[in-house]
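Trainee: So the sequences go chain by chain: A and B. Following my numbering from start to finish, the first sequence increments by one per residue and tops out at 921. Following my numbering from start to finish, the second sequence increments by one per residue and tops out at 297.
FYI, nobody ran anything at the bench for these hints, they're computed from the structure. Treat the hints with care, as some may be off.
What follows is a list of derived Cβ distance ranges for each label pair [to be verified]: (1) A:G550 with B:P159: 49 to 59 angstroms; (2) A:P919 with B:A192: 24 to 34 angstroms; (3) A:P894 with B:P159: 21 to 31 angstroms; (4) B:E29 with A:D135: 52 to 62 angstroms; (5) B:P159 with A:T438: 37 to 47 angstroms.
C-beta atoms are modelled at their ideal positions from N, C-alpha and C, and glycine is treated no differently.
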Amino acid sequence: MTVTDDNTNAVPTPDNNLNDNKPVGYGRMLRKEDPRFVRGLGQYCDDVELPGMLHLAILRSPMAHARIVNIDKSAAEAHPKVKAVITGADLAEQGLAWMPTLSNDVQAVLATDKVRFQHQEVAFVVAEDRYSARDALELIDVEYEYIKPVVDVRKAMDPESAIIRDDLEGKEDNYCFKWETGDKEATEAVFANADVTVKEEVVYPRVHPAPMETCGCVADVDRVSGKLTLWSTTQAPHAHRTVYALVSGLPEHKIRVIAPDIGGGFGNKVPIYPGYVCAIVASLVIGKPVKWMEDRTENLVSTGFARDYVMQGEIAATKDGKIQAIRTHVLADHGAFNGTAAPLKYPAGFFGVFTGSYDIDAAYCDMDAVYTNKAPGGVAYACSFRITEAVYLVERIVDCLAYELDMDPAELRLKNFIQPEQFPYESKTGWVYDSGDYEPAMRKAMDMIGYDDLRAEQAEKRAKGELMGIGISFFTEAVGAGPRKDMDILGLGMADGCELRIHPTGKAVVRLSVKTQGQGHETTFAQIIAEELGIAPDDIDVVHGDTDNTPFGLGTYGSRSTPVSGAAAALVARKIREKAHIISSGMLEASVADIEWVKGSFQVKGDPEKSVTIQDVAMRAHGAGDLPQGIEGGLDASVCYNPDNLTYPFGAYICVVDVDPGTAEVKVRRFVAVDDCGTQINPMIIEGQVHGGLTDGVGMALMEMISFDEEGNCLNSTLMDYLIPTAMEVPDWETGHTVTPSPHHPIGAKGIGESATVGSPPAVVNAVVDALKPYGIRHADMPLTPSRVWEAMQGNHTPPI
Amino acid sequence: MQVPAPFEYERATSVDHAIELLNRLGSEARIIAGGHSLLPMMKLRMAAPEYIIDINDLSAELQYINISDNEIRIGALTRHQQLLESDELAAALPIFRDAEKVIADPVVRNKGTLGGSLCQADPSEDLSAVCDALDASCVIKGLDGERMVSMHDFHRGPYETAVADGEMLTEVRIPLRPNSSSAYHKVERRAGDWAVASAGAAVTMDGDVIADGRVGLCAVGPNLTNIEPISEALRGQAPSEELYARVGQIAADNSSPNTDTRGTAAYKTHLAKELTIRSLRKAVARATGTDTGAVA
Ligand SMILES: Cc1cc2nc3c(=O)[nH]c(=O)nc-3n(C[C@H](O)[C@H](O)[C@H](O)COP(=O)(O)OP(=O)(O)OC[C@H]3O[C@@H](n4cnc5c(N)ncnc54)[C@H](O)[C@@H]3O)c2cc1C
Numbered sequence: 121m122t123v124t125d126d127n128t129n130a131v132p133t134p135d136n137n138l139n140d141n142k143p144v145g146y147g148r149m150l151r152k153e154d155p156r157f158v159r160g161l162g163q164y165c166d167d168v169e170l171p172g173m174l175h176l177a178i179l180r181s182p183m184a185h186a187r188i189v190n191i192d193k194s195a196a197e198a199h200p201k202v203k204a205v206i207t208g209a210d211l212a213e214q215g216l217a218w219m220p221t222l223s224n225d226v227q228a229v230l231a232t233d234k235v236r237f238q239h240q241e242v243a244f245v246v247a248e249d250r251y252s253a254r255d256a257l258e259l260i261d262v263e264y265e266y267i268k269p270v271v272d273v274r275k276a277m278d279p280e281s282a283i284i285r286d287d288l289e290g291k292e293d294n295y296c297f298k299w300e301t302g303d304k305e306a307t308e309a310v311f312a313n314a315d316v317t318v319k320e321e322v323v324y325p326r327v328h329p330a331p332m333e334t335c336g337c338v339a340d341v342d343r344v345s346g347k348l349t350l351w352s353t354t355q356a357p358h359a360h361r362t363v364y365a366l367v368s369g370l371p372e373h374k375i376r377v378i379a380p381d382i383g384g385g386f387g388n389k390v391p392i393y394p395g396y397v398c399a400i401v402a403s404l405v406i407g408k409p410v411k412w413m414e415d416r417t418e419n420l421v422s423t424g425f426a427r428d429y430v431m432q433g434e435i436a437a438t439k440d441g442k443i444q445a446i447r448t449h450v451l452a453d454h455g456a457f458n459g460t461a462a463p464l465k466y467p468a469g470f471f472g473v474f475t476g477s478y479d480i481d482a483a484y485c486d487m488d489a490v491y492t493n494k495a496p497g498g499v500a501y502a503c504s505f506r507i508t509e510a511v512y513l514v515e516r517i518v519d520c521l522a523y524e525l526d527m528d529p530a531e532l533r534l535k536n537f538i539q540p541e542q543f544p545y546e547s548k549t550g551w552v553y554d555s556g557d558y559e560p561a562m563r564k565a566m567d568m569i570g571y572d573d574l575r576a577e578q579a580e581k582r583a584k585g586e587l588m589g590i591g592i593s594f595f596t597e598a599v600g601a602g603p604r605k606d607m608d609i610l611g612l613g614m615a616d617g618c619e620l621r622i623h624p625t626g627k628a629v630v631r632l633s634v635k636t637q638g639q640g641h642e643t644t645f646a647q648i649i650a651e652e653l654g655i656a657p658d659d660i661d662v663v664h665g666d667t668d669n670t671p672f673g674l675g676t677y678g679s680r681s682t683p684v685s686g687a688a689a690a691l692v693a694r695k696i697r698e699k700a701h702i703i704s705s706g707m708l709e710a711s712v713a714d715i716e717w718v719k720g721s722f723q724v725k726g727d728p729e730k731s732v733t734i735q736d737v738a739m740r741a742h743g744a745g746d747l748p749q750g751i752e753g754g755l756d757a758s759v760c761y762n763p764d765n766l767t768y769p770f771g772a773y774i775c776v777v778d779v780d781p782g783t784a785e786v787k788v789r790r791f792v793a794v795d796d797c798g799t800q801i802n803p804m805i806i807e808g809q810v811h812g813g814l815t816d817g818v819g820m821a822l823m824e825m826i827s828f829d830e831e832g833n834c835l836n837s838t839l840m841d842y843l844i845p846t847a848m849e850v851p852d853w854e855t856g857h858t859v860t861p862s863p864h865h866p867i868g869a870k871g872i873g874e875s876a877t878v879g880s881p882p883a884v885v886n887a888v889v890d891a892l893k894p895y896g897i898r899h900a901d902m903p904l905t906p907s908r909v910w911e912a913m914q915g916n917h918t919p920p921i
Numbered sequence: 002m003q004v005p006a007p008f009e010y011e012r013a014t015s016v017d018h019a020i021e022l023l024n025r026l027g028s029e030a031r032i033i034a035g036g037h038s039l040l041p042m043m044k045l046r047m048a049a050p051e052y053i054i055d056i057n058d059l060s061a062e063l064q065y066i067n068i069s070d071n072e073i074r075i076g077a078l079t080r081h082q083q084l085l086e087s088d089e090l091a092a093a094l095p096i097f098r099d100a101e102k103v104i105a106d107p108v109v110r111n112k113g114t115l116g117g118s119l120c121q122a123d124p125s126e127d128l129s130a131v132c133d134a135l136d137a138s139c140v141i142k143g144l145d146g147e148r149m150v151s152m153h154d155f156h157r158g159p160y161e162t163a164v165a166d167g168e169m170l171t172e173v174r175i176p177l178r179p180n181s182s183s184a185y186h187k188v189e190r191r192a193g194d195w196a197v198a199s200a201g202a203a204v205t206m207d208g209d210v211i212a213d214g215r216v217g218l219c220a221v222g223p224n225l226t227n228i229e230p231i232s233e234a235l236r237g238q239a240p241s242e243e244l245y246a247r248v249g250q251i252a253a254d255n256s257s258p259n260t261d262t263r264g265t266a267a268y269k270t271h272l273a274k275e276l277t278i279r280s281l282r283k284a285v286a287r288a289t290g291t292d293t294g295a296v297a
């Protein structure tokens, strides 16, 4: 089923955005969490103040690769306000110098033998205030012995490159892992016989999630009970707690992880960082609460980066534009430690969906992942586990094909879509797309932007020497990890719990395992419960981000909250409704079969006068008097939802840019985004997610990149050097949608949190490259800064790494 | 949160008091105006002055835009925002509004000052190029009284000015001439970013010819003040696209930018030319009353 019309009846206008509705269920409504945020009353980690709390600061390496010869901490220890100075050697005595990463590699908490990236953690100071802690760092004297760093990913495997991970036994090269997917021979055969093949190197540079709030924590070990309470910037509080238990030996019930309000995550707050471990150790050792908050530079230079893929893209097609095969070799830069956050069996995340939205005959990818002397990471930065890279590759290479065939890129895509009747569709790399209907989304985007008129305008402009480009991207994501038979992180299955309790007066509290970082869970989840039970969202408290008070689950990233926990919320509400149904039969003195559910109340069929509300039932469930045979009192339930499959949201994006021929500045003039995330819970929140992601995409396409000099020094250590787009760089977003529900999800919803970040960079890049067509340009890599665009116009395009 | 190293704080009650403090506290003392250059450097611990002398209370003495027939005097503590908003200034010297629209962001502009910008002397700082194009002079005050230096003499190199220990900048003076106008063009990677390169031009017309013209460049090399060959090339010439192109080429030839994350040296050199051409074209159009208001 595809519904292209708005499923809410009214359409927002400039005068009334319809957001302030009060639906009992799905629809536009203002976010329940916003009143505290817009008043500046959010409670973030750094707002946690405890009596006697101390402050921790981390000394970082100035060099990218060096042996630690000696550390003299005596001057720092003599500082009157310093309580402790801890080095890697100190941690090693406790067996705590190394910790596991989310990819089963290990990472140094504090360097012991050598430093492996610039700004790696070397020592920490705990002091009475954060100024003194920071001052004392300058009193620590570290002697380093320089080792030539491995900076160029293309040379990481050269025999003359220094071996970075000599901590790993028997390690004699800088290989991190090799991975492949698809059918090599079948793909070769198709390429050998194809009319047209196109090859292009496509680089997705290293970028940073750069959330507004940096990472940090407050660790408080109770000296009597030994219980650790950790307020921390984490997108996955339960997973973190279990990992802390496994690593530190603290029993799991003696660890409580609280994720208070989080000022943006984007994957940056999925990993466990050395700073968290240092704070825990410090509180254990000193017996006082210890706060560690990164500064902006530390966040940019040391925490999980994203992307950093050099992709050789190849596409094979018939001369009339039927795509037959896609092949790629990827060189992946994982930095000094493999900190990728992805399900364990998927070292390249879900990159396997690089076949995109097209029905093709064969596909193959092989990947070499390597270590370099750069910060570790490879986080799911709003990328649905590397789908960003995959979508960028396929959408860029399809445009290269259109260029070679001299075919309209919209027409080429329309010609190759997976057709609606082919769903569920198994791709050539083994991904089972749950549902999709691509052409209506594509047509809608083309209608909204006025595609034919724009092409006519472009032709006129080109005749006058003006540069205008139109870029298309059509993406399919795989989100909502995931089925526990295939997916786990460090052995923890990716199913989510959910608990719902209806109070006697019919108000409710729902407890989630996932954690909002701005996505609006407190609203969306109340709406899901409201839709199922007819209780108003304002009457439903949403509790999340506290391991002592919520059920187990793997957290919020990879657009998994609605696909996994959203399903759990709907199912737990249905469980309650079933019980309420039985209780209502006692109250109405009718058989269950004769009672029907009309949102919010149970009615005797054919006699609507005889009815009880869900609130009446709640009071009865907790009240006096008999309940139907075999029914316990109370009205609460819990579930653990294990998804059958991922969900596959998709979208059609079209971008229009103008390029100044004299200065090569790119102006994004228009952007239409038509998204299909299945059933929409709150269209306003969806639009918000899309707006944010599109802005992010413009940032990556035009300005963002973490780069290094030849000594491995990070060149983007402040927001003056790592540019994030502002309202000035983006147009008024034009959004639309189609609705193709997920067949296996209880409410048909898919994820939306990352769609726009995934889908928009290729649209912007394709538009810029299209604008430069008069220069004979088929490809140019991000970031398309004025300088890089100008160099491309001079015929001097160089990859960014 | 980034935190600076320890420092002592003094609040000046008058310009004389500030100068007295500067002399008493010695070379480890720094004036703080808007703080938008100094504080980031302190937080990054690239600067660690022992004393900070706050001059923000001195608006009566240092915060003004005074326009007379033949001169504009601007106090050192005048904020970017005032330079942006003053209609009188925009009418006399439109280059200021052109530049201020693309300097930093509203938060920085609300506090950052003309004096701080010039004294910071960052090679990518826009107002030096503006003041250079306008042939401005700087008034520097010390225990021995005031002295006046041209922009050319004011800038000693990147982050270095003629303001000596114990002195401060109090005022910028800009000559006003009839039949004149000015314009500024900047390329940045993003709103609020420092210039990849920028150029400002000021021209005085004498009938159909340019009697006098100057160009100020920013971010394309150190010490790019008072490029004489440009003024020579413009003097007495009728404005034309060929003239602009020739002068643009002189600007490019005098540039010596570095390749960095903002752009390649070749691109910045190209911009020196391109933006010089655009600024001259605009300044002449304004001076001759033929400006259409078009952007480029
Ligand atoms: C995010 C951001 C973006 C920016 N973008 C731009 C831009 O695009 N273009 C641009 O040109 N600038 C830009 N700037 C710089 C900004 O214009 C300057 O930081 C600021 O205006 C300098 O003035 P201030 O009053 O803040 O100086 P302060 O930081 O207070 O002082 C700077 C220096 O000047 C000295 N000083 C100040 N006043 C005097 C005086 N009267 N006499 C002697 N010495 C003095 C101080 O001791 C210090 O050394 C940006 C700054 C930021 C933070």
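Trainee: Against each hint, give a clear statement of whether it holds in the structure.
Mentor: Now for the hints, and whether the structure bears them out:
As the Cβ distance of G550 (chain A) to P159 (chain B) is approximately 57 angstroms, the hint placing it in 49 to 59 angstroms holds. Taking 24 to 34 angstroms as the suggested C-beta distance range, the pair P919 (chain A) and A192 (chain B) conforms, at roughly 27 angstroms. A C-beta distance of roughly 39 angstroms is found between P894 (chain A) and P159 (chain B), which places it outside the suggested range of 21 to 31 angstroms. Hint check: E29 (chain B) to D135 (chain A), Cβ distance near 60 angstroms, so the stated range 52 to 62 angstroms holds.
In this structure the hint that P159 (chain B) and T438 (chain A) lie 37 to 47 angstroms apart at CB is violated, the actual value being about 59 angstroms.
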